[in-house]
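There are 2 protein chains.
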Amino acid sequence: MSYKEVELKDYEYVLSVIENDKERVFFKDDVNEDYSHDELGGIKKMPDIVVQVLSTEEVSKIMKYAYENNIPVTPRGSGTGLVGAAVPLEGGIVIDLSKMNKILELDEENLTLTLEPGVLLMEISKYVEEHELFYPPDPGEKSATIGGNINTNAGGMRAVKYGVTRDYIRGLEVVLPNGEVVNLGGKVVKNSSGYSLKDLIIGSEGTLGIVTKAILRLLPLPKKAVSLLIPFNTLEDAIETVPKIIKSKSIPTAIEFMQREAILAAEEFLGKSFPDKSSDAYLLLTFDGNSTEEIEKNYENVANICLEAGALDVLISDTEERQESIWSARGCFLEAIKALTTEMDEVDVVVPRNLIGKFVTFTHELEKEKNIRIKSFGHAGDGNLHIYILRDDLDEENWNKKLTEIMQIMYDKAKELQGQVSGEHGIGFAKKGYLKQSLPNECIGIMRGIKYSFDPKNILNPGKVCE
Amino acid sequence: MSYKEVELKDYEYVLSVIENDKERVFFKDDVNEDYSHDELGGIKKMPDIVVQVLSTEEVSKIMKYAYENNIPVTPRGSGTGLVGAAVPLEGGIVIDLSKMNKILELDEENLTLTLEPGVLLMEISKYVEEHELFYPPDPGEKSATIGGNINTNAGGMRAVKYGVTRDYIRGLEVVLPNGEVVNLGGKVVKNSSGYSLKDLIIGSEGTLGIVTKAILRLLPLPKKAVSLLIPFNTLEDAIETVPKIIKSKSIPTAIEFMQREAILAAEEFLGKSFPDKSSDAYLLLTFDGNSTEEIEKNYENVANICLEAGALDVLISDTEERQESIWSARGCFLEAIKALTTEMDEVDVVVPRNLIGKFVTFTHELEKEKNIRIKSFGHAGDGNLHIYILRDDLDEENWNKKLTEIMQIMYDKAKELQGQVSGEHGIGFAKKGYLKQSLPNECIGIMRGIKYSFDPKNILNPGKVCE
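Protein sequence lines correspond, in order, to chains G and H.
Following UniProt numbering, the residues of the first sequence are numbered contiguously, the last one being 467.
Following UniProt numbering, the residues of the second sequence are numbered contiguously, the last one being 467.
Please keep in mind that the hints were generated in silico from the structure rather than gathered at the bench.
Incorrect hints may appear among the rest.
In silico DSSO-like cross-links for lysine-lysine, where the CA-CA straight-line distance does not exceed 30 Å [stated by the list, open to error]:
hint: 1; chain 1: G; residue 1: K457; chain 2: H; residue 2: K436
hint: 2; chain 1: H; residue 1: K142; chain 2: H; residue 2: K99
hint: 3; chain 1: G; residue 1: K249; chain 2: H; residue 2: K161
hint: 4; chain 1: G; residue 1: K45; chain 2: G; residue 2: K142
hint: 5; chain 1: H; residue 1: K244; chain 2: G; residue 2: K223
hint: 6; chain 1: H; residue 1: K64; chain 2: G; residue 2: K224
hint: 7; chain 1: G; residue 1: K161; chain 2: H; residue 2: K102
hint: 8; chain 1: G; residue 1: K413; chain 2: G; residue 2: K402
hint: 9; chain 1: H; residue 1: K249; chain 2: G; residue 2: K297
hint: 10; chain 1: H; residue 1: K432; chain 2: G; residue 2: K457
hint: 11; chain 1: H; residue 1: K126; chain 2: H; residue 2: K64
hint: 12; chain 1: G; residue 1: K436; chain 2: H; residue 2: K61
hint: 13; chain 1: H; residue 1: K247; chain 2: H; residue 2: K224
hint: 14; chain 1: H; residue 1: K413; chain 2: G; residue 2: K213
hint: 15; chain 1: G; residue 1: K432; chain 2: H; residue 2: K224
hint: 16; chain 1: G; residue 1: K247; chain 2: H; residue 2: K436
Make a model of the complete structure from these sequences and hints.
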């Protein structure tokens, strides 16, 4: 991997591609420091050039130039990632797609939404709901771009009932590492036409191609939603209830778990009060459907299961305001926990959902044993945990040592429970070692072969995922 | 591509792997002719060895031997394919997986079913429904194996509401071309751990690896289902109604279209009478849900839309018997049409669902213009057409000439309408040329690179998909 040194003439070429709009391209010292890291910030590297693109054509031309000249390129959305996938490890060009943020077409006859990759999740839900339509994936980070969500195959809260981002991508326009533009899939509902390159791009963290357009599958908007906030004595009690709910065949839209500490942090972060914080642990469930009666049967059934399993109460929220107050707290847990400490790192493992209780108990024991704060919240209904290890006042050396040790123990445990390294945050740079441990060598070898098929010069987002 | 000639000692090795069970391995002249072709039968080639495997270990050992000795291997399920994917173009070994047909585990806490690849679709639905669970993919060919369905990413009738096979595969055990066994995915609901090799295997038609175990995602079984049979004056009238239904936000489980001729053929084939055949064209819809009220609102809404759009009547089937009589006719259209003629070939294109009317009208004009019988039926709700061109009494030369010409015209039209070559039957050998025309060279090149990453010696199912 030896790349060309980026020079002034490269900057000048990029500038010419974007019609000499100096507001959209930055060179060396003029690059904002934000472009050197993502949300978690543990890995940093400054790019030589940042270009804020406005069209597929711009992406294609820059990519073609970079390919011919052997300059590494890293695509970037809002930078809300947590594993360093958008960090330009080798310098070179960062293509910032956040200004390619137009919604292009709502097709109500095909129930699709065509949009550019920089559209934010919060904008999508707002837009489609105005048309009584629904884009189910619902990750906590609403200021993430759809391009970023596609590249991590983000799952979010509603995966229990509705699945993940992959399930809602009908088609993609992609700029390949050599600058060629290809369309994968389309508005079609079914497709068996060769290997699914679309499904390879989904979750590939910007290493195989740059998504410049996406066709999303929409559903009719459910007319009613009800949330249940259910306090338990302990988190273990709460989580052990989840497989019973799944088994009951009354499938909620979402099943989240949370602890008082995260709730208090969220209250402080938002400056808003949460409806209940008398208990140590909560399940938060949503049910949706087209009529109150349809939902009622389901949630009454589940409420009874919870009460039999030791729930202290069942608080029903059927107004939008009340639901908003609960879910906005849930949505800011990451930021709220971040505000509690000096630095943190995360584990985003996913295990079969009947084993999530085992994993949570295990992290609690680890917290005591290793004498370090570990906070978790996450998707109890789909087995995807978000676990944060807090640095607090540890010095650099001790922090690195302890963090490495604890992360290794957790990933080993996840593997033992037939889990996977990442449920939705991806591998990026930070989790490469754990991915390698978790998969057979053959799979890593095949992944590298795939990367080579797309990008023989290894110029697109090098150093990530399987390299 | 020069492969080793298969000799007696190769047969003897395979025999030793399966513990000298001579009932399960066949050599040269003892191989049944059925193994030389699939359901449509247009492409034929005899294998040198057929082995009916019973375990992953057997598959792995045979594959490893074949890899080391450069012998081509073609995996096969029930042989219900239509594009020659299971035909051993280069001879060698056919691994018949139809006896690996055990259901291994129903996990009600994770809502998964783990099974071997030879389990038939009809067995899966029977088994899970006894446990009030539901495996939504519902292709017409119920004697297909789940392994075959995974390898074509079959869609079936319920794709309108529930999606396709891909959406219900949580994990796969796969024997790679070099004989190594790997597990992709698992029981986990979310997964962002490197490139999705699982999604590459799905739809790869036995060219990248041999599926030896699958973990399916199940849903709770809907408690009620109602079918509507809706006669129209013309097929165009019927199909033009579909985008209006989709737009109405009352999403049916299935929307099929059918013509009187197919119905009459099905009646004759089954020896059973169909509830109505007074009209030329029909839509057949299903709605499912957990209560009569929940379904009623939806289907009344859709019935009104159809009547406004010119439907002659709406026949409601809410008993199991009556639904069975309609759907069993729908299920045998392929065989029934096959019985009408001497030979036929098929087109399985998929177009955006608001353009299916255009495509059907186009084939009707083509039928007249080219003076050849063309029969179609299919999935109006998801844009996937099954179109059959009948040879009748054409001689070999004229048939080949006419067929080639008509197929080319149809695939060109599909491309013009932003469609894809195959909705669910795959590419296999028969559609390779059309796939190549429909995709940019870059995509074909990448697919070949992927094939090489999995199978550098090109011994697994050579000559298919993108080669």
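Next item on the list: Starting from the hint list further up, note which numbers the structure goes against and sort them upward.
Entry: Hints 6, 11, 15 and 16 not satisfied by this model.
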